[in-house]
Amino acid sequence: MSAPDAGRRLRPAHLLGLTELAGVDLVAGAAGLEQEIADVALVHTLGDADRLRTGTLVVTAFRAPAGYELDVLVRAAHRRGVAGLVAVGRGRILGSTRRMSDRLAVPLLALADADPLRVAGAIARHVDEPRHLAVERLVAVTRRLPGAPADADQILRPVREALGVPVALLGRDRTVLAGDAGTDVTGWPLVPHPDVADIPGGHRILVPVVLDDPVRPELWLAAGLPPAHPAWLDGAVQLLRVVAFAVAALTARQRVEGERDARDRSTLLTELMDGGQAVGRPTVERALRAGWRLDGWHTGFYLRLGGEGSPHPTATAVLDRALRAEGVAGALAERADGWAGWITADTEPPSTDYRLAREAVARALDAVHDEIPLVGGLGRPYEGRDGVARTLQEAREASLFAGVTPRSGRVEHVDGLGARRYLARWHQSDAFGSYARTLLAPLLDHADLLDTLHVYLDRESSATSAATALGIHRNTVNQRVERAQQLLAVDLTLPDDRLVVQLACRVLRGTGGGTPG
1 MSAPDAGRRL RPAHLLGLTE LAGVDLVAGA AGLEQEIADV ALVHTLGDAD
51 RLRTGTLVVT AFRAPAGYEL DVLVRAAHRR GVAGLVAVGR GRILGSTRRM
101 SDRLAVPLLA LADADPLRVA GAIARHVDEP RHLAVERLVA VTRRLPGAPA
151 DADQILRPVR EALGVPVALL GRDRTVLAGD AGTDVTGWPL VPHPDVADIP
201 GGHRILVPVV LDDPVRPELW LAAGLPPAHP AWLDGAVQLL RVVAFAVAAL
251 TARQRVEGER DARDRSTLLT ELMDGGQAVG RPTVERALRA GWRLDGWHTG
301 FYLRLGGEGS PHPTATAVLD RALRAEGVAG ALAERADGWA GWITADTEPP
351 STDYRLAREA VARALDAVHD EIPLVGGLGR PYEGRDGVAR TLQEAREASL
401 FAGVTPRSGR VEHVDGLGAR RYLARWHQSD AFGSYARTLL APLLDHADLL
451 DTLHVYLDRE SSATSAATAL GIHRNTVNQR VERAQQLLAV DLTLPDDRLV
501 VQLACRVLRG TGGGTPG
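Just so we're aligned: 452 in my numbering is position 452 of the sequence shown, and the numbers increase by one with no gaps anywhere.
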């Protein structure tokens with residue numbers, strides 16, 4: 001029988017990962033698992049053992065209990081330089097046989113309920129050409145991939161069955177998004193290219209799922225394989241790369257659907273926030289379909305993008321997970337300048353609860369700050385469907401003053417605004433919109449100055465933080481801010497000037513009229 005290149009021959013250790021040998025156990029002789037298999041022989045009688053060649057893997061059936069015959073075969077295997085033994089049958093292997101196999105470093109594998117001839121044939125085929133398995137797996141999985149999968153689990157199921165190991169879909173934070181939830185990926189580096197590495201007990205494989213940016217993937221396929229032949233490892237990588245295309249296609253379709261749903265939710269939220277009209281039955285029905293509660297006592301929150309922050313396609317899902325992790329589970333929808341939503345209680349919350357809610361939202365914003373820089377505001381609790389508009393209006397007002405000064409927190413509550421509420425209401429008026437455009441008119445033809453000023457103010461007037469966000473030098477930030485002050489004829493060291501200019505920048509960002517960035 002011909003064999004592949006000696007450097008790429010199968011070893012007994014590889015047999016432990018073969019799906020055709022499902023249920024095979026290593027009984028003894030682990031020290032010899034790395035011997036190369038040059039051939040496969042089916043041994044029926046002890047006399048056959050004298051004709052074995054060096055490097056042969058022996059497949060034999062044994063009677064129960066397996067006594068002296070297996071002992072003699074192990075000795076003969078050692079004497080002839082055999083690569084290992086596969087004993088097929090349900091007989092009990094004696095302790096003396098195990099000890100002898102360990103002492104002589106002859107791998108002894110046991111497989112119950114199998115046909116010795118089929119076992120020998122399957123192993124021989126892989127010994128002769130290891131790539132057969134890789135090709136078979138690829139063909140089997142591609143045939144079973146669903147044309148329009150409902151979720152990623154439907155894609156991963158045939159992969160898991162073909163490889164015979166857990167397979168998972170990971171996010172950037174190593175959260176298992178689909179597949180085997182128990183997959184331990186601690187310490188696995190999430191790199192932007194297929195990665196294979198040896199780990200205790202086998203190998204790990206990571207393959208990125210490329211969506212928008214090939215340099216910074218958002219998803220990875222992960223699998224842990226037992227000791228495998230290099231051809232099998234390469235085949236598993238190629239298989240996961242093919243599957244990654246299917247996952248990417250599913251994700252793209254879900255994004256399109258999600259964007260459509262997001263637009264619907266944003267429109268619905270706008271209708272609910274319009275306090276000038278009563279909430280009609282169609283709006284109520286759409287809210288119910290979206291899973292939003294309109295009964296009970298609602299506490300609104302308004303989350304505003306800070307600086308040069310801009311939402312990526314999965315930002316809403318990331319933010320929703322962070323909020324829910326802190327117990328802020330309720331309605332959430334995108335706005336032009338961020339997100340808004342509310343949480344609902346069956347009874348009126350105590351007046352002290354606002355502090356707990358503010359701290360919970362602040363923790364959620366801290367958790368996503370590197371990915372989605374946000375500031376937020378909270379409104380008071382109000383009852384019923386009309387209460388949604390009232391609490392969200394207050395939350396929006398409070399968000400205008402969050403993070404404005406080093407002393408202000410990332411999340412403001414409306415009760416902490418005091419007289420600033422009058423400025424907040426003016427800020428949201430058409431009159432202030434016109435005033436903002438007039439105030440910033442000298443910068444509208446200088447996009448770099450307007451961008452830098454906006455980021456600088458939203459980063460607590462920190463030139464270093466603004467430089468990092470904009471990807472420019474700190475001195476450039478200072479020069480642009482100084483030039484902007486000259487053109488606007490304001491002094492940003494004065495709190496009143498700084499606040500008015502920052503609110504004007506936020507108005508332009510929210511309306512798109514000369515939006516910074």
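These are computed hints drawn from the structure, not numbers from a lab.
Backbone N, C-alpha and C define an ideal beta-carbon position, used for all residues, glycine too.
Check each hint, because a few of them may be wrong.
Derived CB-CB ranges, DEER-like [as the list claims (entries may be wrong)]:
no.: 1; residue 1: G296; residue 2: H446; range: 24 to 34 Å
no.: 2; residue 1: A150; residue 2: P282; range: 26 to 36 Å
no.: 3; residue 1: G164; residue 2: H369; range: 25 to 35 Å
no.: 4; residue 1: R474; residue 2: H369; range: 16 to 26 Å
no.: 5; residue 1: T267; residue 2: H369; range: 43 to 53 Å
no.: 6; residue 1: G147; residue 2: T175; range: 40 to 50 Å
no.: 7; residue 1: I199; residue 2: T267; range: 24 to 34 Å
no.: 8; residue 1: P146; residue 2: D48; range: 26 to 36 Å
no.: 9; residue 1: H473; residue 2: G201; range: 42 to 52 Å
no.: 10; residue 1: T464; residue 2: G296; range: 38 to 48 Å
no.: 11; residue 1: P146; residue 2: P230; range: 24 to 34 Å
no.: 12; residue 1: R174; residue 2: D48; range: 14 to 24 Å
no.: 13; residue 1: G291; residue 2: A325; range: 33 to 43 Å
Comparing the hints with the structure gives:
1. G296 <-> H446: 24 to 34 Å: violated, 49 Å
2. A150 <-> P282: 26 to 36 Å: holds, 29 Å
3. G164 <-> H369: 25 to 35 Å: Distance hint for G164, H369 is violated at roughly 42 Å.
4. R474 <-> H369: 16 to 26 Å: Holds: the Cβ-Cβ distance is about 21 Å, inside 16 to 26 Å.
5. T267 <-> H369: 43 to 53 Å: Given range 43 to 53 Å: violated, Cβ gap about 28 Å.
6. G147 <-> T175: 40 to 50 Å: 27 Å Cβ-Cβ, so the 40 to 50 Å window is violated.
7. I199 <-> T267: 24 to 34 Å: violated, 49 Å
8. P146 <-> D48: 26 to 36 Å: Roughly 48 Å apart at Cβ, these two residues miss the hinted range, so it is violated.
9. H473 <-> G201: 42 to 52 Å: holds, 50 Å
10. T464 <-> G296: 38 to 48 Å: Roughly 45 Å apart at Cβ, these two residues keep to the hinted range, so it holds.
11. P146 <-> P230: 24 to 34 Å: holds, 31 Å
12. R174 <-> D48: 14 to 24 Å: violated, 52 Å
13. G291 <-> A325: 33 to 43 Å: violated, 18 Å
The structure fails hints 1, 3, 5, 6, 7, 8, 12 and 13 (numbered hints given earlier, in ascending order).
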